[in-house]
Amino acid sequence: MCDVYVDGVGYVCSECEREFKIYLERHGIHPESEGDFRMALKMFMKTEKDDYVDGGEMDLDEFFNQYRRQ
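Residue numbers for the sequence shown follow our numbering, beginning at 1281 and rising by one.
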């Protein structure tokens, strides 16, 4: 289960937190207030997440962790 719950958005896992940072950078979004962050997060959560991981840099541990059985 996810450790973070954002009112109005729902639970956010650590992978989505990481991808959200990439999403903000790639789209030149610079939230400055809680409301701005919440709105951007809502938009991000509606997107297909794989788009932000593909082609991104990763280290060896991240590579194997994506295939690790939990």
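Errors might be hidden in some of the hints.
When the alpha-carbon atoms are kept at most 20 angstroms apart in a straight line, the in silico DMTMM-like pairs for lysine to aspartate or glutamate are as follows [to be verified]:
1) K1322 to D1287
2) K1322 to E1299
3) K1322 to E1305
4) K1326 to E1342
5) K1326 to D1339
6) K1322 to E1342
7) K1301 to D1283
8) K1322 to D1339
Honestly, the hints are just simulated from the structure, not real lab data. Remember, it's a predicted structure, so these values are computed and weren't measured experimentally.
Results of checking the hints against the structure:
1. For the proposed pair K1322 and D1287, the alpha carbon gap of about 10 angstroms is at most 20 angstroms, so the pair holds.
2. Pair hint K1322 plus E1299 holds up; C-alpha atoms about 13 angstroms apart against a cutoff of 20 angstroms.
3. Restraint check: the Cα-Cα separation between K1322 and E1305 comes to about 16 angstroms, which is no more than 20 angstroms; the hinted pair holds.
4. A distance of roughly 24 angstroms separates the Cα atoms of K1326 and E1342; the hinted pair therefore is violated under the 20 angstroms criterion.
5. With a C-alpha separation of about 27 angstroms, the suggested pair K1326 and D1339 falls outside the 20 angstroms cut-off, and the hint is violated.
6. For the proposed pair K1322 and E1342, the alpha carbon gap of about 26 angstroms is over 20 angstroms, so the pair is violated.
7. The straight-line distance between the Cα atoms of K1301 and D1283 is roughly 17 angstroms, inside the 20 angstroms bound, and the hint therefore holds.
8. In summary, the hint linking K1322 to D1339 is not supported, as the alpha carbons are separated by about 28 angstroms, beyond the 20 angstroms threshold.
Of the numbered hints stated above, those contradicted by the structure are hints 4, 5, 6, 8, listed in ascending order.
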